[in-house]
Structures are given as C-alpha cells and as structure tokens.
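Participant: Protein chains in written order, with the UniProt record's numbering: chain A, 1 to 356; chain H, 1 to 255; chain L, 1 to 339.
Treat the hints as calculated values from the structure; they're not laboratory data. Please note: incorrect hints may appear among the correct ones.
Using C-beta positions, here's what the derived DEER-type ranges look like [unchecked claim]:
| no. | chain 1 | residue 1 | chain 2 | residue 2 | range |
| --- | --- | --- | --- | --- | --- |
| 1 | A | A214 | L | E106 | 28 to 38 Å |
| 2 | A | V213 | H | V18 | 46 to 56 Å |
| 3 | A | L168 | L | T36 | 23 to 33 Å |
| 4 | L | E332 | A | M335 | 56 to 66 Å |
All values reported here derive from a predicted model rather than from experimental measurement. A virtual CB, placed ideally from N, CA and C, is assigned to each residue, including glycine.
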Amino acid sequence: MTDSQSYEDVVKDKGETQFAQFEDERKGFLGTVQHTLHVNPALVPLIILVTAIALFGMLLGQRFFSAGTLTLILQQVQIVGVLAAAQTLVILTAGIDLSVGALAVLCTVIMGQFTFRYGLPAELSLLIGLCFGALVGAMNGFLVSRVKIPPFITTLGMWQIVLASTYLFSRNETLRSSQLREEAPSLLFLGNKVSIGGANFTFGVILMILIVVALAYALRSTAWGRHVYAVGDDPEAAQLAGVNVHKTLMSVYILTGLICAVAGWVMIGRFSSVSPSASTGVIGNIQSITAVVIGGISLFGGRGSIYGAFFGAMIVGVFEMGLRMAGADPQWTFMLIGMLIIGAVGLDQWIRKVSA
Amino acid sequence: MTQPILTGKNLVKRYGKVTALDHCDFELYPGEILAVIGDNGAGKSSLIKALSGAVVPDAGEVFLEGEQVKFHSPIDARAAGIETVYQTLAMSPALSIADNMFMGREIRKEGFMGKYLKQLDKKKMEDFARQKLSDLGLMTIQNINQAVETLSGGQRQGVAVARAAAFGSKVIILDEPTAALGVKESRRVLELILDVRSRGIPIILISHNMPHVFEVADRIHVHRLGKRLCVIDPKDYTMSDAVAFMTGAKEAPVQ
Amino acid sequence: MKKLLIGTALVAVTSAGSAMADAHGTSACLITKTDTNPFFVKMREGAAAKAEELGISLNSYAGQVDGDNEAQVAAIETCIANGASGILITASDTAAIVPSVEQAREAGLLVIALDTPLNPIDAADATFATDNFLAGELIGKWAAATMGDDAATAKIAMLDLAISQPTVGVLRDQGFLTGFGVDVKDVNRWGDEDDARIICNEVTAGNEEGGRTAMENCLAVDPEINVVYTINEPAAAGAYEALAAIGRENDVLIVSVDGGCPGVQNVADGVIGATSQQYPLLMASLGVEAIAQYAEDGTLPANTEGKDFLDTGVSLVTDRPADGVESISVAEGTDRCWG
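Just chain A, same shape as in the assembly (with noise of 0.2 Å):
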C-alpha cells in the first residue's frame, strides 16, 4: 500500500462502527403522521370514508344513516368497486387501464349474445365471457411487456377497439330483464340479495368485497403481490434481483381483463338488462382511476393498498348518494371529487418525501 491513501486512516482508526444504524431520527407529530400514513396509505381515504358517513348522517338523519341506504350505496358502487380492484393492480405496476369499462361491458355484451343468439347454456356463456375477459387482458400485457408500448397507449386503442367491437356484435340489441330472467337465470345471480335486517347485500356486493380481501391478501403476503410491488416501484431493479418482470405483468394484466369479464357479471345482476351502450363504456375508466387515486395509490407504481381503492370508490357513492338525498345540484359531487382527487395526489407526494 502506498502513503496516498492514509487520508482516510483517520475515519478507519476512529473505529466508526455505527454505520447501519436503522433509526428513525425524524421526529414531531408531522414526520409520525407521515410515517404512519407511509406505512398505511389506506388510512386516509379510511378517515374520509367514515367522516363523510358521519357528516352525511347527522345532517340527513335516518333517511340516510340507515342500513338500507348505506347498503344501497355498495350497491351502487359494486362495479366501479371491482373496476378499481383491477385498476389497482395495473396502477400497482405503473401501468393505467383504460379499456377496464368497455371491458366489462363487452363481457356482459357476450354473456348475454352467446345465450340468447348462440343458444349455449347461460353457465357456459358466463364462461366464455370471463375467458374473453383474460383474453383482452393478456394481448394488453402483451403489448406492454413485450411490444413495449407505453400501458396508456395500449390501453387507449383497446378502449376504442373494445367499445366498437360492443356495437358491432351487439347490433345495438338490449337484452330486457324479462327475457334474462326467463332464459338464462344464472347471469342474473349477482343480482340476488341476503337480507339482514334493513341492511341488503346483495351477491354481487359480497363478491366485490371477496375480491378486494383476496387481492389484498395476494398482494400483502405472497411472493406474487410482492413482485407486482417491486416491479411498479422499479422495473429494471426488480428483474436484476431476480424477478420475472414479463410473467408478473402478464399475470397483472390477464388477472386485470379476468376481474373486468367479473365486473361485467356484477352488472348484468345490478341492472337486470345488458346494454351495450352502457355509460361504464365510456366513463368506467376514469370512474375507476378516480377511485384508486382517491384510495392514496400511487399512480407512479409500486405504494398503496387496495383497501384504499375501496374506500376510494365509496367515498364517491357516499357524496353521490348523500348530496342527491340532499338535493344538491349533482355538479357539487363532480366539484368535490375533483378536490379530492388533487388532494389525494398532492398527499401522496407528501409522503413520498419521506425518501428524500
């Protein structure tokens, strides 16, 4: 060794041994509220969530606050619920969904032709419905793991393609509830209800909060969830430390055009009908990014949980439902979720400085 390297004798003879020390030296109440909502990004649209109900409830009384209506309102929100559960996972990887609500909507479009035009037995046209659904979801993965084509792109021209494909085999036909209800029974099971008391659930709402708890478990505590969090956070660090970037986004997004064919199902059972025109066509998407935005899940990949994407889509029934009981002019409830939605954002910069 030569002499020109005793400049850093100093440091090595000091014998500095607290180098790793894994303390958290950022202090007050502000640095522990950022640490917690770091550690639970769901918690602040949790807050909002239940301060809405409570504000809503006292000043509309038990025509709101009421286990009929607060059931009403997961009624209400079941399909932009399942959509944002799909949403999440694709948002999860950094990626964004368009085609979610012309998805879903085709899927129905299918569950119902393929009964009625097709004559195949309604469970098996359910089938090929949810199969589509994987489908479209996998050639979307496709095109944004292996073509490379940024996920928005992709997801803009399926949209279209999606919504086209809706009114070209429909022939712009709506199936009416009376002819579901007749021939094909099965279609229409989402739609059924379990009663408690006041409180109507019905199966198409439990199936959205089946969802929900099962992708939040797959995404908390499996290997799977923790690649699809490590490949939005950071796509090249994830592959050098051993993660296979291709098969995760193709699981994210077959599992994402699946969910969506579900969606489809959940509406048939909601509306009793199947209409390719369908305003969740059109506006599913944006509805379900909202939700997910307003859920505290990062639309830079890789943070958040999807119990905030739920909560997410409820605060937005909540508004719905408690400004219409109100009376209230509907364009407040657009007003109010575009406050939300920029605060939601702005918050999840906040938090992401806890990098810095």
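Based on these hints, arrange chains H and L on the given structure of chain A.
Facilitator: Here is chains H and L on its own, set in the frame of chain A:
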C-alpha cells in the same frame, strides 16, 4: 496454483459496430478479492454482465468451478451461486429491507397456507434478514420492515451487500460499491468486503477508486480496449502505474 | 387534509341545508338524461314552478352524459330511499331502466315517463310525451308539399340521433318518411328503407358538431342532396354550416323537430325550413300535477284517447305554410318556445 473458480475464455460481445469485448479472458481464484479496473468504455461492465448473465456473449465460454455454464439471465447466474450487487443496487425503494433481501426467492410457509394459499413466511424471512445483517456487523437494526427508501446511501449499500453475501454461495460481484458514498460510509463498505472475503467467498470488485482498490484487492485485472491487458499484484505496483497501464501511457508488464 | 375535510363539510352543510327545509310532505323526483340540454333545463323549470305552486318538494337528477343509465338507476334508488311519491323520468336507455322502474313501482311510487316512452311503454304508470311520429309526419308532409312535383326525385339526407336507435329518433325518422311518402318497411327501425331517394342515414348525437360531420359525410356521398331531415335543431344548425361551407345553404330544405327558441329563431332566419314544436314545460308541469294527485288520492293519470300515452301536443312552426298541412307562424312559435 489452484484451479480458478470462475473463468472466462475468449469472450466476445458486439453492439452493432462497437466491440465491447474483444476475445477477453478472465480468471477468479477461490478466496481472493479481484479488482477489475479500466477506463470508461474499456468494456468492464460488459465483462461483468457476461459473467453475471445480464448479457449473453456472442462468443466465448464461461466456466464455473471447471464446468462450462451458459447464463441467459441474472436469475440463471444466481441459481449457480453468483450474486451481483449492481451500482444501482437493484432494490425497490418502497419495499422493506426484508422484502428486498428475499425478492425473487421468497420463503413460503409450511403446510396448507403455504402450499395452497402461497402464504409467505414473513417471520422466517425477517429473522433470516436480521441474522444476516448482524453477521456482517450491520447491527442496531430496529425495524427490518422499514422501507429501503428511508435508509441512507451507505445503509442501502450495506443491505445490498448483505443480500449478496447471504445468498452468494460461490462468487460475489460488486459494481462500484463506493462510488456514491461518503468517506465514512465507504470505509464501512470496504470493511464489509473484507469481512465477506474472510468467510471464504471470492469477490470481483469493479471500482474507479484506486485507493480503495489497492487497499482491499489481492490481484488487479487491468482492462483495456475490450480485453485483459494484464493482471498485477497491488504490492508490486503503485497506483500511478496502474492508471498508466489502463490509459495506455505505460507498456504493460509481460507476464 | 384537514382543510379539505372542513371544506367538504362546509359544502355539504350549505347545499344540504336548503333541501332539508322542505323534506317533509309530498315530494317528487325529476330524472332527466342530462342537466345541460336546454330541453331538460326547461323541463326542470316547468316542474319546479308547478311543484312550488302545489307546495310539494322536487328533487332533480340527471346523468353525466346522454345514455348514462347507471346514474339514472342510482337516482331512482335515491328517490325510493328518500320516500318520494312519484318519479318523472326521461330514460337514457329505455329498456335497461325497466327493472329499476319496476322496483320503484313496487315500492308504491308513481312513475311517469316524460318525452321518451319506456320499452315496453307500459313499464311506466303513464307516459307524457310528444307524439314524435306525428312530429316527424308533419315536417315530412310539409317538405313534400313545399317541393311539389320535385318530391318524386328528391335526394334526402337523414340525420338521425344515435346508432343505438332510441325510440324518439326512430319515431321522428319514420314519421318524416311516412309524411314525405316513402315506404318505411319496418316502422321500428330506421335505415332499412330501399327508396332510392334516401341518400344516407347518418347519426348526429343531436348536437351541432355531430350534425355538421354527418352532413359532410352525406354530401360526400351525393353533393346534390336537397332535403335534409334532422333529429333536432342543433343538428340542423350543424347541417346548415356544412351546406354553407359549399355554398348550398339556400337551395336545400332543412326540416327538424323540437321547437326550442334558438331553433325557432333559425326558422325565422331561414336556416331551417320548418320544425315541429314540442312542449317540455307542459310535460313536466302535467307530470308534477299527476304526482300530486296520486299522492292525494291514488288517481292514475289517463291516456289521450286512441293513444297509449298522454299527448302533450305538437305544432308545425314555419313562415312558409304549405297547403294541407296545419302550421303556426314563427311569431306564435316564439311565444311558446323553450330553452
């Protein structure tokens, strides 16, 4: 002399018209720290990537413990026992220390929950991570579930090295481990490197920092124009000699 | 975040406060397709005025976009939960809304379809609407009479509402063709006619932009078009722009349906030859009256004789009256216009 643990023979890698590796040879012996130095663009990273599976060489062969191996991805190399700590560290900032250490090789629970519900054994992974960090003297860990982004640069490097040391059974490659660190933190990482060697695991160290290289390396592989120019013993040459060799200012010693 | 919460609370308090005052007693709901179209704005005004007169409270709801069935379903559910006595609805999706309407009727609410009949029409307790077929027929007859012998060689552009063929659009379209003397084949579908005089069927979404694009598409097929049927006046205005762009605005006959004030003004200005005027304000105020009546003694509204709905009337507005077609002047139309 003993048999090299990792050998590269006649490695060639071209990117279009640029030849990054030009019939390059490479040897790493058991228990040593081999530094790889070279000017920017000399092909150091291509060499390392060829050895760690990040790129597939156009020609040439790689041998691990005398057996020929063909890596198609870093995952293959890892499975064979070669761990790489990249300059970027390859960590997911939002995930915890434990999550990052086990990324891509998570441990599942035993029994029904693990087999059918694929549930991870978080406790086992956390204990293992804590154990490994303390083994390497990265003590005073308070929260193994802390997100990596809340750690300092040196702490992150420490976790990355610990990850490599924990799983690298045969070879560990360190790419510029001190480049982004302050003096104190560099010091600690160098000690970590020596510590890992004392466990008998050979290390390939890529670095621009001559004092660091001369301090820890047993041999120095000088890379120039896509191939190995020479291998020198740091005890026989000065840092200026090494720099002169790698820039071409001085004729390489005949071996 | 805290500020946001307080803001939320404030808005909720202020907007809810006014509605709380009259939450008791009889209440009615008005659900329109959107709350931006002047037709529905007028409908709301008519309903609100009548509700105030009768001392009942009125809540108005609307979809976010035309065709927003989901929002209307949610609105019906809110009305049921709110304990309203009746619902007035212009359905976005006439078939898909039916299960929700059934739910409301089971819950004891009177449901009246305004303007747009449900599919099937008897899914609602009553329908208060313009006879859209008649509205179309009037402009068809007028166009044929105005052209005289040339009607036999007319080149007609049909600018319809939407590809999903909502009932209103079909009725007006088929009414026009019937009035003009074209064999309409299936009266429940437009576009299946094989009369060579029909050059094109295009959709407009009922607005200026759509009308212009649709007209341009038609002119691309045949620049000699000389009769243009439009689903409504905004679409007609758009079609006029497309014709003006190629200098043919003066030798083409544009007919339309609606009778909104800007539309009637367009008739005065010669943009539109004739339009069939309908009366949304009347529909809404009659609807509110019916709900008030129902809440009082359970009386259901009766249909117009010979029709399966209550006809709120339609008049042809033009300053160029044609023989054999009854019409009112532009001045008269302006007095009764909406929007």
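Participant: Just pull the numbers of the violated hints for me, sorted ascending.
Facilitator: 4
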